[in-house]
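Trainee: Protein chains in written order, with our numbering: chain B, 1 to 615; chain D, 1 to 102; chain E, 1 to 539.
Worth flagging that the hints you see were computed from the coordinates, not collected in a lab.
Keep in mind that a hint or two might mislead.
Derived lysine-lysine pairs resembling BS3-like cross-links, with alpha carbons at most 25 Å apart [stated by the list, open to error]:
(1) B:LYS108 - E:LYS485
(2) B:LYS522 - B:LYS533
(3) B:LYS363 - B:LYS298
(4) E:LYS458 - B:LYS108
(5) B:LYS25 - E:LYS446
(6) B:LYS434 - B:LYS298
(7) B:LYS589 - D:LYS87
Output of the computed footprint for chain B on chain E, the stretches with three or more beta carbons under 8 Å from beta carbons of chain B [to be verified]:
(8) 399-413
(9) 438-452
Predicted model, so just to flag it, every value in this text is computed and none were measured.
For each residue, glycine too, the CB sits at the ideal point set by N, CA and C.
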Amino acid sequence: MVQVALSLLLLPLLSAGITLLFLRKYGNIAALLSVASAGGILAFSSFLIFGKDSDQIFSWSTTWFQLSDWELSFGFLVDSPAKTLLFVVSFVGLLIHIFSLGYMADDKAKARYFGGLSIFMFSMLGITLSDNLVMIFVFWELVGFSSYLLIAHYFSTDEAANASKKAFIVNRVGDFGFLLGIIITYWTYGTVNLQELSVTANLDPSLTSTMLCLLLACGFIGKSAQFPLHVWLPDAMAGPTPVSALIHAATMVAAGIFLLIRIEFLFTVEALKLIGLAGSVMGLYAGFCALTQRDIKKVLAYSTLSQLGYMAAAFGLGLPGIALFHLMTHAFFKALMFLGSGSVIHACHHEQDIFNYGGLRKKMPVTAYTFLIGVLAISGVHFLSGYFSKDAILLGAYNLDFVIFSILYLGAILTSIYMFRLYFLTFCGETRSKSSENAVESSVFMTAPLIVLAVLAVFGGFHSLYPAQIVEYLLPDISRVAEMPHHLWMNILGLFAWVGGLLFAWKIYGSDTQSKDPLELKAPSLFQLSTSKLFFDEVYLFYVNRIQDPFFRFLEVMELLFISGLMVRGSAGVAALFALLGKSFYSGKIHHYSFWFVLGTLGFLAYAILGGGIS
Amino acid sequence: METISPSHYLFLALCLFSIGFFGVLLRRNILLLLMSLELMLNGINLALVTFSRTSLNLDGSIFVFFIMTVAAAEVAVGLALLVALYKKRQSVFSEDMNLVSN
Amino acid sequence: MDFHQILLLGSIVVPLLSAVFILFFFLNDSCRAKQIAYFAFGFPCAAGIFLFANTDPYLTGYSFELLYERMGLQSLGITFHLGLNGVSSPLFAMAGIVGLSACIAAINSEAKRLPLYLALLAFMQSGLMGLFASVDIFFYYLFHEFALIPTFLMIGLWGGRDRRSIALEITIYLTLGALISLGGLVALNVLLDAPKFDFPSLTESLLTDGLKVGTQQKIFGLLLFGFGILVALFPFHTWAPRGYETAPTSVSMLHAGVLKKFGLYGLVQLALPLLPAGGITWGPYLMWLALGNILVVGAITVAQNNLKSMIGNGSVMHMGYCFLGLAVCSSLGASAAVMLMCAHGLSVSLMFLLANYINKRSGTLEMNEMGGLASQTPILACFFAAATFATIGLPGFGNFWGEFAIFLSLGEYADNRLVLGLAALGIIISAIFGLRAMARIFYGSKSDELLSFEKENKILDLNIKEIIPASLILLPLLFIGLWPKGISEGIDVNISSRYQIFDKGDGNLGLPSCCPVSVIEDSLPESSIQKSALEEEEK
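Pulled out of the complex, with its shape left as it was, chain B reads as follows (with noise of 0.2 Å):
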């Protein structure tokens, strides 16, 4: 086991080194090299989720790293949640290496974005095995770094230069209070090992503060952009569109929410109450940014944003296993929808603005279709994936905590009004512009991972195909929402929240639509709040401008006038007093020496006579 769970991890590594030292010139080497990795991090997946022994959790460490008490050590857990994930990253990044066999096809740099991919799955899958929270910190950065490699594929704009910046910048924010709070818990309980801290926290609930929670949700908060660190991600898709697939879909910024599980025995009731409260608040708030994006990219960005709320807000009502689902459910119908998105991109010659689109489906019937399962499955259509995992959210809130439903269920709403708006705008109708006229339908690289994801995305929600392995920890939180009551009255409200999304996006945007959106016109106050995203980019980009560089620089004004200045320069000055009341003695006239003369020859006599020896 522990040779299949090293193998595992260090697969995507070698695959890196080796683009890294030897394929950089030789982009289709690299990335045959890459998927043949992740082709291979599947296969070991498998077993470590079904082989033998299996059933139990294994975990095995080393010591890696020892100062005086503190001892880091490397180790796995396979526990349930690593399983699910699991299955998730290894199944979900196959598939999009694929896909991006397809549309990296005629990049220059492929071997760099190849070797990127494996970095990352090298990260990820560290996060997902790692036994203790020190190891799953190193994993998170090496995450962010990736992160910040491929996003910054297309160097050359200053489009990615920024964004990757600020991902990784904004990252770090979260890492600060991550490592804080990893720091804290050493000293509280003695240990970072997860297993060895359930025990701790379990024989004395009195030892955790929300304050504690709350330090080590930041690492949440950064990685999957939660509010106030969510600024990253809309940015974050100037990167190629697998990768943001990949990570800012299906798999980084979930690793998040499986921190919060995997810590989910520390947390007091105060804090999952603020998480689930902060998380319903970013799905509503994210979803009415969605209302009026014009990128493809951007829209399905502020999804996700709006999607990872959904989980934190299943987290905070106490049923991880719930957020677990939704991750999962999410992962498939989300990368479907990205693909699909990338598909139209490459298609339509890199345009991005929907309003430029428009008839895709009679051009490209499989994206197209794919596309819409995609759209019906996040919407919440019965019986498809995403209507299992979000129903579940909206009846547990609904019967533990009232106020997080509402909000939660206007976000569905909007999710619908959005998710829909998005397909009739790029799909249906007549086509807007020259790049859509002449769009084709993909090659089957890409193609197929869109079919086999959008038949997860339809399955994917009965709980009882999946190997048990797979959905163990998800089983008893589906069961405990199951024995809730008011399904029915859940049912029909899901019912009227996507029939009524899909009515009114038809009424507004299923007609010919022109370049320009039609709610500019309908209610243009509430386009302005919504294009605005309540400032918060305006916020930030203040911050940093106009107090933090200034502040910086004043701070460097402080320092050359006072310590340079005052300090170093003004005890040179001071040594060069002393310097010039001697030389004031260097007169060069005879009289002023002889005064000295006499004046010392003087003091001598004094002293000899009246202080001194002589008596």
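Starting from the structure of chain B, add chains D and E where the hints point.
Mentor: For chains D and E alone, kept in the frame of chain B given last:
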């Protein structure tokens, strides 16, 4: 008329010394400075002779001879230097003898 | 003298003799001087790595000891004593590696009077090797001066703009620091009646005699500020950024990478274990000064536009982390500080080396006059990204372990947690300046100045002569990052054995116990010195 006591001689010596002292300190002309120096020495000589007479000890007088010898030598050297300085600076005033550019 | 001892002595003597050789015979022959320089720097590098690999990490004493007693200074207890222990052997190897890279960089630079430059560099290198190999304190200080003086000459002669005044400022400032620390060292010699003036003898004599609390505090203060000036402790740090900006590349590499560690090494090996009461008293003040390093100098780093100035300020900022590790007064903190020292030496010298390469390819060091270089120099961009991420503490490079362990050591007591919170802001600040530099230099579109520079000069990627020194430094950095046990075992064993007093005094941190707790007993020994210390406290 009172008898002339040693204190009168000492007072005279003090006057001579003081005139010479302030001459050294305040004179501009180097030649006169040297003369004031000699005046100081002479004042000392007088004082020494007085003390020698009052304590009936010949040591003081012997010392006067030494001083006179040294004074003569010193005057010779000093005046030679002064002549050389005059040749260089064309003046005997102390303010012209300043190479230090302060 | 066996093979290892010959290597140890050779690493000091070979560069020294080569420097003398070049000065006397080959001052006009660039070609020969380069060959001699390769040997002069290659030998210590190879010897350093070999000796590091062969040092037994579980030995708390010194390996490969070399002792010459009859130096004529026995009355002061000074002997010529060389040796390597768990703390000094990685630093020794690092000095060799950075030295060889600096030499290659110097040889490839177009400096005038190259033989003289190489000779001075070789003097510096012999001083650096001797510094870490020394067990005797007098020679430790002597070798430091030996390494420091050539830097003044080199900055003054081969530096950039403003070199005369910067060389003057640095000379006076650093000599002042050395002077203050010398005061502390001399005080130690005089007050402690040890048979030999070296680290183990002083430790032993402190175990038997001990010093009064007030004396410990005063000596520690002297050593702290003296070494602090040498290591750019806030607010005595202003010489560093300007100095590194003006100095030629090899000098910046060796100074920021290796020579700065002299002060920290002295504090870790000498001041803290020998003067624990001093350490505990000065600890809180040192923490706030180190925070000044991290936050204030970090902020200034972000505001910099000149690449070398940014790297210099960044290096000062990271020294703040090391000082924090020392201020915590625990073996975890001190070991972490040593690990960060090793890794930081490598990463900062790599940054300076790459800054030189960037300068050659864009004609400027002002970052807003660059841009978009990555399309033409991908290898350089790759190395620079590696160096930047190492500096900002990405796991996978050595700096992360040191930084993380320092933060961990800060979290132990609730009083330090405010400092921890403020210090951890440093990871955000370093990410900001590191990534801004990366984006401004390599990403985005080219600036006008770069475009006009490109018309005159072709921009080429790194050639093999430039890749070798960069890889030479990057590989150990990766080694420490991926396999920290390689250096941490030796450090841990050595420091834990000497920091017993801090670790045992778990709650007694306020108690001015001046005698180190002996390893065997659990309770404090009842000695007369301790009684007088308590009396002094009662007054």
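Trainee: Now, for every hint given, state plainly whether the structure supports it.
Mentor: Verification of the hints:
no., hint, result
1, B:LYS108 - E:LYS485, "40 Å, violated"
2, B:LYS522 - B:LYS533, "19 Å, holds"
3, B:LYS363 - B:LYS298, "23 Å, holds"
4, E:LYS458 - B:LYS108, "22 Å, holds"
5, B:LYS25 - E:LYS446, "24 Å, holds"
6, B:LYS434 - B:LYS298, "22 Å, holds"
7, B:LYS589 - D:LYS87, "19 Å, holds"
8, 399-413, "holds (count 9)"
9, 438-452, "holds (count 6)"
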